[in-house]
Amino acid sequence: MKSFSITLGCALAMVAILAGCKALDVATNVGTKVGVATGTINEQQAEGIKRSAGALGKAFEDLTPEHEYYIGRSVAATILSTYKAFDQAAATQYLNTLGKVLAMHSEKPETFGGWHFMIMDTDEINAFAAPGGFILVSRGMLRCCRNEDELAAVLAHEVGHVQREHGLRAISKSRWTSAATIMVAEAGKNIGGQQLAELTSLFEGSISDVTKKMVDSGYAQSSELEADSDAVVILRRVGYNPEGLINLQTEMIKRLSICRPK
Amino acid sequence: MRRLALIAMVAIVAVTAWAARQKQMSVEVRDAKLRSAPTPISRVLATVGYTEKVTILEEKGDWNRVQFGTLEGWISKGSLTTKTLTKLAAGGPDAQLSVTSDEQGLAGKGFNSDVEKQFKERNKEADFATVDRMEKITVSDAQILQFIKDGKLAVEGGAR
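Taken in order, these protein sequences are the chains called A and B. Each step along the first sequence adds one to the number in my numbering, with nothing skipped, and position 159 is 159. Each step along the second sequence adds one to the number in my numbering, with nothing skipped, and position 144 is 144.
Hints in this document: simulated from the structure, not taken from any laboratory. Certain hints may be false.
Unchecked claim - Below are the SDA-like pairs computed for lysine to any residue, each with C-alpha atoms no more than 20 angstroms apart in a straight line:
| hint | chain 1 | residue 1 | chain 2 | residue 2 |
| --- | --- | --- | --- | --- |
| 1 | B | Lys124 | A | Ser81 |
| 2 | B | Lys117 | A | Thr200 |
| 3 | B | Lys152 | A | Arg236 |
| 4 | B | Lys124 | A | Ala197 |
| 5 | B | Lys152 | A | Val233 |
| 6 | A | Lys84 | B | Ile137 |
Unchecked claim - Heads up, incomplete: computed chain A residues facing chain B, CB under 10 angstroms, no partners named:
| hint | residue |
| --- | --- |
| 7 | Thr64 |
| 8 | Ala77 |
| 9 | Lys84 |
| 10 | Asn96 |
| 11 | Lys108 |
| 12 | Gly114 |
| 13 | Leu196 |
These figures come from a predicted structure and were not determined experimentally. Note that the Cβ used here is the ideal one computed from N, Cα and C, for glycine as well.
Construct the entire structure; sequences and hints are all you get.
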């Protein structure tokens, strides 16, 4: 439940965003403008988000889509060591077709290695967006979706996390700086021996940073709001009802409160 | 005669200046689709590979109209970078990787297949077999168009 926002506050924020056509138009202005326009966040907080995004861009400017791809593969492989894949060819193919239609209408229609979707064989209500476009959705989450609008909302939200590189932001800045230093020092040579071992340790740490953020602690509410606003834009572009997003969140909250011990 | 030579010189300078202004970008995804129109479901004219250079002719929203060899078409802006990507010489362990000429520090190094191999050895429980299976699942453009048609989806830009 960490990747897909289920907090009541977030759900209420989206209710505010989705209340009426005028507000929906505001929602299509992706990013912090959404929060400000709907009163979810104030101007000062919006500036803070912009500043941290800028700082992130600077710190991680050496991170290429190819690096993101390899990080994403390992993050997905790590998550799949806990949640086994649900191997049902027709369902997987359907999920990939729907997911790709949505991703094609995002701001990142193509990633280095392409967009890929898989079902996790667990009743937990979960979805994860690993960097580079590896998206995992649980059977429990699929059961929450009462129609295609709602399933599209889940996938569009996860696509939003990938296009905003939320997973990558979890990598400790110092870890990436160390990795970049090795790359610079070894420019033009084939990295081997000690450097490769060091780089692998930094890679391992990065995978751990991203996985912990996605599975254990969850993204910040501002990231969830960004992914929600991206989802609204994508859903509208493809022709799905964006209200599927809030309907789904309401259903998830209902189901989770039933499961919660009294 | 002198006037003709002058005109020719001016023409050469103008053409050179125009050519210099032509912005070039590199493809930064493995396979970028060159499409017939600036929409995600328009016809695919060609696939442009990682590191290939294209000339930017026009920008429109999230798309660039580009020239690739003799072909002209549209590529998503997200698939292009202003960094010049250059393939490393073949033969080395990083032969499939690339360097950015304006950021020599990267030199195609970093988190790559060699690092992933080491990671796999250290983390044997990580399920890369399933990730490999994920990557093999393909959805053709024809399937996507059929899905849009069957679902009566009103996609922006319409189907081709």
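Hints numbered earlier in the text: which of these fail when held up against the supplied structure? Violated hints: none at all, because every hint is consistent with the structure.
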